[in-house]
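A.B. asks: Protein chains in written order, with my numbering: chain S, 126 to 448; chain L, 485 to 749.
What the hints contain is simulated information worked out from the structure, not anything from laboratory work.
The beta-carbon is built from N, C-alpha and C at its ideal position, and this holds for glycine as well.
Hints may be right or wrong, so weigh each one.
Unchecked claim - In silico BS3-like pairs for lysine-lysine, Cα to Cα no more than 27 Å straight-line:
no., chain 1, residue 1, chain 2, residue 2
1, L, K708, S, K406
2, L, K641, S, K315
3, S, K180, S, K331
4, S, K406, L, K510
5, L, K728, S, K406
6, L, K594, S, K315
7, L, K644, S, K315
8, S, K262, S, K406
9, S, K444, L, K727
10, S, K416, L, K746
11, L, K740, S, K386
12, L, K650, S, K198
13, S, K331, L, K727
14, S, K386, S, K294
15, S, K239, L, K641
16, S, K416, L, K499
17, L, K728, S, K443
18, L, K650, L, K594
19, L, K681, L, K536
20, L, K729, S, K406
21, S, K239, L, K708
22, S, K386, L, K729
23, S, K278, S, K130
24, L, K510, S, K262
25, S, K416, L, K728
26, S, K406, L, K727
27, S, K386, L, K727
28, S, K278, L, K510
29, L, K721, L, K499
30, S, K262, L, K650
31, S, K239, L, K644
32, L, K708, S, K278
33, L, K721, S, K386
34, L, K746, L, K729
35, S, K444, L, K728
Said to hold, decoys possible - Anything over 12 Å on all C-beta distances counts as not near chain L; from chain S, calculated:
no., residue
36, E159
37, E160
38, G162
39, E164
40, A179
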Amino acid sequence: MGGWKGIWVFIEQDDGVIEESSLEVLSRARVLAEERGEEVTAVLLGEAVAGEAAKLGRHGAHRVILVEDPILKYYTSDPYSRIMARLIEERRPDSLILSATRNGRDLAGRLAVKFRTGLIAHVVSLDYDDEGLLMGKVPGFGGNIMAVVKCVKGRPQMATVTPGIFDIKEFEGEAVVEKVDSGLDPEQVKTRVVDREIKELIDISKSERVVIAGMGTGGRMELVNQLAELIGADIGVTRPLADMGLAPRDIQVGSTGVILKGSLAIVLGASGAPHFVSGIKDMGTVISINKDPEAPIYEYSDHYFVGDIFEILPLLLKKLREG
Amino acid sequence: MGLRNIIVTMKVVPKIEELEFDPETKTIKRGAAGNEINPADKNALELALRIKDRYGGRVIVVSMGPPFWEPYLKLAIAMGADDAILVSDRALAGSDTLPTTLTLSKAIEKIGDYDIILCGEESSDGGTGQVPSGIAEWLDIPHVTFISDVMDVSDDKKAKVKRTIKGGHEVVEVTLPFLAAVELGCNTPRFPDFRRKRWAEREFQLTVWSAADLGLSPDEVGLKGSATTVVDLEEVKPPTRLKKKYTGSAEELADKLAELLKSIM
Ligand SMILES: Cc1cc2nc3c(=O)[nH]c(=O)nc-3n(C[C@H](O)[C@H](O)[C@H](O)COP(=O)(O)OP(=O)(O)OC[C@H]3O[C@@H](n4cnc5c(N)ncnc54)[C@H](O)[C@@H]3O)c2cc1C
Ligand SMILES: Nc1ncnc2c1ncn2[C@@H]1O[C@H](COP(=O)(O)O)[C@@H](O)[C@H]1O
Numbered sequence: 126m127g128g129w130k131g132i133w134v135f136i137e138q139d140d141g142v143i144e145e146s147s148l149e150v151l152s153r154a155r156v157l158a159e160e161r162g163e164e165v166t167a168v169l170l171g172e173a174v175a176g177e178a179a180k181l182g183r184h185g186a187h188r189v190i191l192v193e194d195p196i197l198k199y200y201t202s203d204p205y206s207r208i209m210a211r212l213i214e215e216r217r218p219d220s221l222i223l224s225a226t227r228n229g230r231d232l233a234g235r236l237a238v239k240f241r242t243g244l245i246a247h248v249v250s251l252d253y254d255d256e257g258l259l260m261g262k263v264p265g266f267g268g269n270i271m272a273v274v275k276c277v278k279g280r281p282q283m284a285t286v287t288p289g290i291f292d293i294k295e296f297e298g299e300a301v302v303e304k305v306d307s308g309l310d311p312e313q314v315k316t317r318v319v320d321r322e323i324k325e326l327i328d329i330s331k332s333e334r335v336v337i338a339g340m341g342t343g344g345r346m347e348l349v350n351q352l353a354e355l356i357g358a359d360i361g362v363t364r365p366l367a368d369m370g371l372a373p374r375d376i377q378v379g380s381t382g383v384i385l386k387g388s389l390a391i392v393l394g395a396s397g398a399p400h401f402v403s404g405i406k407d408m409g410t411v412i413s414i415n416k417d418p419e420a421p422i423y424e425y426s427d428h429y430f431v432g433d434i435f436e437i438l439p440l441l442l443k444k445l446r447e448g
Numbered sequence: 485m486g487l488r489n490i491i492v493t494m495k496v497v498p499k500i501e502e503l504e505f506d507p508e509t510k511t512i513k514r515g516a517a518g519n520e521i522n523p524a525d526k527n528a529l530e531l532a533l534r535i536k537d538r539y540g541g542r543v544i545v546v547s548m549g550p551p552f553w554e555p556y557l558k559l560a561i562a563m564g565a566d567d568a569i570l571v572s573d574r575a576l577a578g579s580d581t582l583p584t585t586l587t588l589s590k591a592i593e594k595i596g597d598y599d600i601i602l603c604g605e606e607s608s609d610g611g612t613g614q615v616p617s618g619i620a621e622w623l624d625i626p627h628v629t630f631i632s633d634v635m636d637v638s639d640d641k642k643a644k645v646k647r648t649i650k651g652g653h654e655v656v657e658v659t660l661p662f663l664a665a666v667e668l669g670c671n672t673p674r675f676p677d678f679r680r681k682r683w684a685e686r687e688f689q690l691t692v693w694s695a696a697d698l699g700l701s702p703d704e705v706g707l708k709g710s711a712t713t714v715v716d717l718e719e720v721k722p723p724t725r726l727k728k729k730y731t732g733s734a735e736e737l738a739d740k741l742a743e744l745l746k747s748i749m
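Full structure from sequences and hints, please.
C.D. replies: Next comes the structure, spelled out in structure tokens:
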């Protein structure tokens, strides 16, 4: 019986476009593999993605397992989890690491049970201990508390990594690409995408300046938009605005949305709930406007303006325009 | 078409705004905090009730947790669920995702006769949304996560569900029976009916199952059955902020803010 060896990274793609955070995971895996004298294998499933497979060596892969099939054009759980399970059974990696995107989490939960193995979900750090056990830090309770978690049972050891935690790195050398048959019978597939509607994605995770609208704006975005435009900022929202469909989920800030990393956040009419503030804790400067003199967001602000946004913003816009 | 059982998994969570962390003992003081039904599970229950209205079926809520969750299960009954089951056993304490999903899948098998299982997308107290797909794997049925609606269930045992993805949403076709994880905030959960609430509190009999009732041995569940272990807990200190407070007329505040913006940009 082959032992369980090497680190695998699941490389997510959508219609041929590689998910960037998969490359972040791949880069981190390469560093860990070098410390342990092991190899990193990138596993890429898609429709026609051989061109992308060839590039994965640059971001840390020693080898690439490539599976191409029209059914794999978009992620769905059934075909993806079946192929991954078969590959893992046959080749026995010691660890399998995924990005904690929607799809990565969807797949990881299923595979972990399939192999009765430990899964450390949504980590913000990733290491091995002296015994070779995978170890990660997991934020809990809206980000207030960090649990250090280890996999103690089962192989492959698994983790999903919060996007944006590790940098994408460049490495020398090319990866060996191996093509493997999907072995799928299209008749047997139980989940498939039959329609989709996507707009061009706004990624605010790396925006320098962000104006964030909370419920205090009542979802009326004109003033917010004008301020953002004047100071060259992007726009974010708190969760309820996205829930109500007033803004796309992709610009929701917080523990179940985007964790911001820039230099300036202007928070307009948000109370500062724990799930929200974990999204702005890494911002350089936080300025808030809130009509409640004691809203919890005060504790998380450098500059806190007590007042009504609908009174202050028009005057502010005028002043900024006058220069 | 008439659907068979629609099962909703439900958990009770502390209100995180009210939690305190004791850095000395490294424990979370749950005592001080109030509890609530996990918000995403309320959305799952609401969706289940809407599916029932359209396609029939019985909505059954299942939880794995301590006895003090009973009133919350009764609240789910008051909202419109037909039945509720609590799996409660000391042996289950300390379970991570592996034994939790095993236990819930055994309970679901025991309920039986299901077409749709709905979970919340994640629990608000530090869950990571790994339970739903894990349950589906134990049951060997397909699953879809982050759904906001079940749009259509057809006679040939297929459903179309709306799933949130990067940049928008997609429609996934999935064969019955299936499990879906429901997105937090995708609908507005109904308020409990007053009379039904009174009935639930006084007369409804909650079914309680132990680990043994589900044929689970103590080695399979709890800490022993878990595949991960928490080796340390750390408090995350929020970054120190200047916390300068400005009050005054709107005019004065706008002036100060304009100055401030000019100075830092
Ligand atoms: C599992 C889970 C995950 C969650 N994840 C997230 C997340 O990722 N991101 C997120 O944002 N939330 C998240 N939430 C929701 C979060 O708990 C809060 O409900 C939410 O952040 C509140 O949004 P808000 O501050 O905009 O609204 P509110 O709490 O309603 O606050 C509105 C604020 O606006 C102020 N205000 C009102 N009118 C004015 C005015 N005219 N001028 C100035 N100020 C005004 C009020 O004083 C108040 O402070 C999550 C919740 C759960 C359960
Ligand atoms: N102990 C439990 N009892 C019932 N349902 C649960 C339990 N734990 C998790 N779930 C379900 O799984 C979903 C996701 O939880 P989690 O994976 O812990 O984030 C929750 O929204 C619940 O629907």
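A.B. asks: Going through the numbered hints above, which ones does this structure break? Give me the numbers in ascending order.
C.D. replies: 1 and 18
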